[in-house]
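Each chain, letter by letter, is given below.
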Amino acid sequence: MEPTLWQKSRPGARGVFPPGVPPEIFETRCPEGLRRESPLSLPELSELDVVRHFTRLSHLNRGVDTHFYPLGSCTMKYNPKIMDRIPEIAGFRDLHPRIAPEGMQGLLESLYTLEELLGHLLGMEAVTLAPAAGAHGELTGILIARRYFESRGDRGRTEILIPDSAHGTNPASAAMGGFSVRVLPSGNDGGVDLAHLEEALSERTALVMMTVPSTLGIFEKDLLKMVAMVKASGALLYMDGANFNAFMGLLRPGDLGFDIVHINTHKTLATPHGGGGPGSGPVGVKAHLAPFLPSPRIRKEGERFSLVSPKTSIGPIRSFIGSSLVLLRALGYLQMLGAEGVRRVALYALLNANYLRARLSGTLPRTGSGLCAHEFVLSAKELGAEGLHASDLAKEILDAGYYAPTISFPLIVPEAMMIEPTETESKETLDRFAEDFRKIVERARSNPSRVKEAPRRTPVSRPDEVSAARDPVLADPASLRAL
Amino acid sequence: MEPTLWQKSRPGARGVFPPGVPPEIFETRCPEGLRRESPLSLPELSELDVVRHFTRLSHLNRGVDTHFYPLGSCTMKYNPKIMDRIPEIAGFRDLHPRIAPEGMQGLLESLYTLEELLGHLLGMEAVTLAPAAGAHGELTGILIARRYFESRGDRGRTEILIPDSAHGTNPASAAMGGFSVRVLPSGNDGGVDLAHLEEALSERTALVMMTVPSTLGIFEKDLLKMVAMVKASGALLYMDGANFNAFMGLLRPGDLGFDIVHINTHKTLATPHGGGGPGSGPVGVKAHLAPFLPSPRIRKEGERFSLVSPKTSIGPIRSFIGSSLVLLRALGYLQMLGAEGVRRVALYALLNANYLRARLSGTLPRTGSGLCAHEFVLSAKELGAEGLHASDLAKEILDAGYYAPTISFPLIVPEAMMIEPTETESKETLDRFAEDFRKIVERARSNPSRVKEAPRRTPVSRPDEVSAARDPVLADPASLRAL
Amino acid sequence: MADFIPHTESETREMLDLLGLDTIEDLLSVFSQSMPASGPPDLSPLGGGKDERALMEWFSSRGDRNLSSSRAVVFRGAGAYDHFIPAAVSALVGRGEFLTSYTPYQPEASQGLLQAIFEFQTAIARLYGMDLANASLYDGATALAEAVLVAVRETERSVVLLSEGIDPEYRSVVETYLEGMSVRVEVIPLEGGKTSRSALGKSVGPNVACFVGATPTFLGTIDQFEGVSDLLHEAGGLFIIHANPHCLALMKSPGEWGADLATGEGQPLGLPLSSGGPYLGLLSARKKFVRRIPGRLAGLTKDREGRQCFVLTLQAREQHIRREKANSNICSNETLLALQALVYMSLLGPEGLRRAAAGSWSNAHDLCSRLRTIPGVSLVNPDADFFHEFVLELPLEADDLSRHLLQNGILGGLPLGALLGPAWGRRMLWCATEVRSETEIARTVEIVRHYLVH
Amino acid sequence: MADFIPHTESETREMLDLLGLDTIEDLLSVFSQSMPASGPPDLSPLGGGKDERALMEWFSSRGDRNLSSSRAVVFRGAGAYDHFIPAAVSALVGRGEFLTSYTPYQPEASQGLLQAIFEFQTAIARLYGMDLANASLYDGATALAEAVLVAVRETERSVVLLSEGIDPEYRSVVETYLEGMSVRVEVIPLEGGKTSRSALGKSVGPNVACFVGATPTFLGTIDQFEGVSDLLHEAGGLFIIHANPHCLALMKSPGEWGADLATGEGQPLGLPLSSGGPYLGLLSARKKFVRRIPGRLAGLTKDREGRQCFVLTLQAREQHIRREKANSNICSNETLLALQALVYMSLLGPEGLRRAAAGSWSNAHDLCSRLRTIPGVSLVNPDADFFHEFVLELPLEADDLSRHLLQNGILGGLPLGALLGPAWGRRMLWCATEVRSETEIARTVEIVRHYLVH
Ligand SMILES: Cc1ncc(COP(=O)(O)O)c(C=O)c1O
Ligand SMILES: Cc1ncc(COP(=O)(O)O)c(C=O)c1O
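Protein chains in written order, with my numbering: chain E, 1 to 483; chain V, 1001 to 1483; chain U, 2001 to 2454; chain R, 3001 to 3454.
Do not rely on the hints blindly, as some may be mistaken.
[As the list claims (entries may be wrong)] Covered by chain V, according to a simulated footprint, are these stretches of chain U (three or more residues, beta-carbon under 8 Å):
| # | segment |
| --- | --- |
| 1 | 2009–2016 |
| 2 | 2051–2058 |
| 3 | 2083–2097 |
[Said to hold, decoys possible] In silico EDC-like links for lysine to aspartate or glutamate, alpha-carbon gap of 16 Å or less:
| # | chain 1 | residue 1 | chain 2 | residue 2 |
| --- | --- | --- | --- | --- |
| 4 | R | Lys3288 | V | Asp1471 |
| 5 | R | Lys3302 | V | Glu1465 |
| 6 | V | Lys1221 | V | Asp1193 |
[Stated by the list, open to error] Some chain E residues judged to face chain R by a derived CB distance under 8 Å, without partners named:
| # | residue |
| --- | --- |
| 7 | Pro11 |
| 8 | Ser46 |
| 9 | Asp49 |
| 10 | Thr55 |
| 11 | Asp84 |
Hints listed in this document are in silico derivations from the structure and should not be mistaken for laboratory results.
Small disclaimer: the values here were computed from a predicted structure and weren't measured.
We put the CB at the ideal spot given by N, CA and C, even for glycine.
Start from the sequences, fold in the hints, and give me the full structure.
Okay, here's the thing in structure tokens:
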């Protein structure tokens, strides 16, 4: 392992020499009470020290660029390198966000174009690009629903219905939006149970949030019926469209009857995840909800673009216009794909998932049946007999030279392993993975104690998570020693 | 290890889609006899395949960015990342070399400025930036000497004197320039022996090539006497200035009496070696040799720059003006350092070498005594008793987490290990290396057979070099299988 | 034109065969029950696709229609700052192993990012003078909103006091975030550029969850908070400070002022202006709030061989475990930008950061004193110290001057009328950072002078 | 201002102490005997140093004074070609592990580059239709000169025949390289754009070391070499072809023409125009010349565990072992650019390269036929096929048209007078690659037409 920056720090060492003036100038002229008194404990290193540090850290990390990453629900696909160039264009990279619209016509045109394209792909009449991530999009959509009912004087709708298979952000966003959450238990097939839905719907229901395809990688077979039921109840329909990669260009949430949908550009639209972010979570809505979209909105008049903040808006949900440099990548990707490419991406995402599903059949039982969408979920529950968890298998998979599938999600499947290969992986990679996975499951049955010891080929073995949580050390102690 | 591109190739797979037209258009319109008939066996891969391939290959490679690289004579120092930005400036990167001087005033001004600065640092009246590397600079200097003597009608000077400690490029360049080489044996102290020099000098001597500081990391103590002797003989004095890092800003070859000097920008002046190149090898000469410099030459008239090809020139030694993108880095580095920085670089290069030399004393005997310049040479000859070579130690050094020192050079030291730490490494790194080196030498004495087995921590163990040379496989057999 | 699908035709065929399908279109049966009557979507607006070169041409030509800092010298801040960024930053952050990795849930394969997050948390905690920091939030505004939510939850109270020194757009974001809560936001006015102590004293009471101060304030002034911490704590509320991390290299830190929580926008730490995003939300806190705070946390631990290593910890606070009871809904955050800020801070080191901050301070003061010599121009809040931003009162509408400057390739101070109301129509919020040259300052002052004193 | 020296003051002190020195200046005693009477050099021309930002400003402003392809549409080739380069190329080649490594003399720590060199050698050998290629030479011109030297050494003969189709500047480089040898260079004229077979027949004889043909020729024509190989071999000489690798995707390769050695300039394979360098010298050969050829060679072998691995091999040909008897003096070469070309070729693959080459061919033919419709303009060598370059005869001085085009943001064809003499004053060598758009071609033709037919 690599020592930390502070463990390497050498008092007095200098790195990059920036423009500026000696700090003494400030210190002699600024009143004492306003000045920082405590020393500034940042690492002191040469430029080479820093370069080596982060180059070495990068070697301790797996990405799509280095390994197959079958992480379900996360759509870890290849993001074309050309998209990394777009945020480097000086006209975007170095543009001040508080410039008057005259100074950002190119930006506004680009974002407006993206709104239009997404609106078209989602079957929605208006799109906001403001949300910074999927969960942020959810919150936005939920606040829009709140305003919508308020605008109609309907103050009794305080409840949001969410399937138990949903991503954790769904209920968490509902709560942040001030709603109470009612959980819809899944039926035997992992889908929403119509009877339960029927029972749960009431005049208190503001919103029903559905993930399509569901987190089991399944398209609800009764989706259109559910939509009709919800509409009949007067509630709005929200679609968590994080799994856009499964249906982009094939099916439009708007056409299915949804009122609100968010997508994650950092899954489907060419923003690498960057270790957890940045992303962005555009939200599309039907016309009746458009007045409530967050401000500012981009308006087009003739060839000129401007920003407006309608009174009906829920207000801004973040600073400035949005994560522009992320959004431009999404636009670039859609422009590169074109109509044909967009469809092919989704079709091949389905093909790869189904192929891998078929290749893995007979290893661990799958939750759900028939064709899957872009991902599928296996359960490692039966290995409980050998004292093993899905997480143990995951470590063996790391050792075999892959990133691991998503584990412990969706919560409704015990010892879930959620596998999403994405369309950018080759058949060869899937074949190799299937073979290795099969061997690992066999090993789990024949030699469970060995599996408990995995991984062995990673830079570290299993970290002690219990003691990490018991007495959390969240900042480097060496940073205090240095003072 | 990673399979090769052809081992991974899948017939029919497509990578990046370039601008162009379907090749059939060419094939139907171009006469058959002119068309390629044999299939084009390049690898067929997706963009992701290619990205993974080269990312993984990079992980099998050590650079200064990842490891301390005490490779003597190679000056493997840290090259500031800002210099990588200069060749990316569109005005330089995308400039066509056959544009009229009006279209390249910024380039010509930059290169002219570099010529002036180098001339100043070398104490030379004229500088050419054309040579593509150090050896290319040597050939250039040698051809200049040839033309010089020709211009004086002195056709009897057919011999070049070169110390036996010199880099191999010196004699090789002399031979390419059409001269015969006479080797100057080193004296006991590793320096040129005055008596030998005296004896060797004659009216046949065209040039004496000296490396300063010598490849032993030593400044010849009688340098000025030698210079005087050579001058008296009517020969010219060539300095191999590859070790510029040792004296930049401290001492000028021109002041020492040299007529010609080359330097390697890829050692001292901020061009990373890139696995073996590119580099560039500017050559500086005194006024009497300036007319012979290679064409084209940059001329400044008022504020305007132009290119000229004087009749007296030896002619072009490569295509176009020079390795501009490399040369601009050198200029950037000098501008960043400024007067003070240039001196400090050289002084700290001396300090680091002498400190490490002192820290290693008592491990293996050094060739030479007293202060060294920017590097020093140890001999592992005594380990021959345990059946070990310098190359065996080198492998242990790799295992300890470093690149290895230069071995088997200079040739005059048996089992040489040439160590050059450069100024960009910290005391801490040198201390750690010294400790590890000491342990390795101890291990070599106590457990030589283990050392014979090193390295163990590298991606591969020792390759079979003998069979590689016996029946060389220089192209991937899989590339023919694919056809 | 390119779709990054690696399959050869024969591979696709083999795969379909295994699945017993005729053509890839047969996979559409996944949706069959849901296929709307309207038929497949019309994709014509997406066009025929572009190759890399055509794509870059499209974007470059749009980029050329933006007056970025390469075309207009930036004297504007107001939440986004034009600072120096060393070249090594992007060289390191852009490495594929970082860029293309996911949230480090599998620690054994993610030590690089986990360690970087841990180091980022450390750097932010030290800069803000706090015990700990999280792995990032979306941006400064949402970080502030999340901090307010921590206070609301911790105190179970319903009044939030925000200093008028908080960026008014941030205040709106806080209000949006509180939309669904029964919480009232009250603004404590500034007096001469500092939070009115009497107004604050009057408002602090048993219903108050927190007071949030800003330093520098949105108007650039350095606010002062002696005794504020005690005032709040005695009333059972929390004290939050929103601070610009660049200024903290020299200014008294939230920790030194006794804050419980601190937030900031990380953009000044090595992020470009970026047309507004992605930015980097900073949140730091006293240790006792550790189980309250939102977002990811990397912690130090040991592996089975006892080697130092890192892991995401205290995940029970987060949505994927706690669901509707989670501290926040945040999932994806801004890790890559946290890494970027960390690389920036390590490259500059404490001395470099102090030097850059002093440069901003010095340039802003230079600009201010020169502009003040222009007849009719005066400094608003002359009695408060400022850091690198300040408000000037002009003899005419600020919008007019702003337009005039833009025509001359200068992004001048921000006209405040649109944000703060007509009373502020002749006021402009100026900023100068360490990268502004003496020539740029002199030229700008001359253009302003010439325009105002025709 | 920055010197990248990591030492703290106290570390420097400790180090000096160990050495028994007072100040670092004491190290100057290393040179003492040689310190010239003139005293220490005056370094004032180097100035006070610049920070990163000031440095980039200096270079950007100089870059702005160059009419690069972003400011002038390139219709010029003549040895340097404006091709499409995928974005992934620089992302991969720029990785620090490649960029900052040395020549892979320690194979265990250098497998990445060794494998890449091996793969590069393979790709070039396949492209040129030869058995093997080396790890690179400086550029196309020096590669050609080195190939000629191979022939001279192999045959021990003293006459070198160069086709007139060889770039005249390359020819000068060959002459410079031969300066010290007793070798005579003879030029075999082109006839209608192809090497005169009768002249060649007359010149081939017992003293001839080699004949070097080019395809496409410097004038863009596709030369033809039926029987040339036999002609040379019967006379005991070697046959060398210099070929543009981009065109070889579609054109008959040197191997197919029966060449013994082949050379090329690798710039069209993913390298930018680069203001002329660094470029990439390509050299490939028949197996039997393996011990003759200059430069590094990576070979396939196995490690002790029997794993496939790579190593520099046949080093006994090289200067560091063979010294004055070496095949060449080359040491540093252009490895990083070889890697770049390899990444480029792998990304495009055979189909991509063929598509790009066909695009060049098609654009050049389109441009040519449009320009020929202008009164007074005619194609020189109308009976020869050409690839992506062609020479036009104009009704006025080519220099004048060239200047006019440059004023209109077009880098038109190369006026040939300066290179080939006054007889060529009205001739211009045009080029169009796959990246030229229909609009650019149309606009250029219109400007030329308007200028010529005022
Ligand atoms: C189905 C689903 N919904 C919502 C989210 C939340 O999106 P984000 O992480 O961008 O906030 C995710 C992300 O993992 C998801 O997979
Ligand atoms: C002393 C010396 N001279 C000459 C050279 C040759 O320089 P290049 O490799 O640039 O041709 C070297 C390079 O290794 C060297 O160290």
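Violated hints - listed by number, lowest first:
Nothing - there is no hint that the structure violates, so all of them hold.
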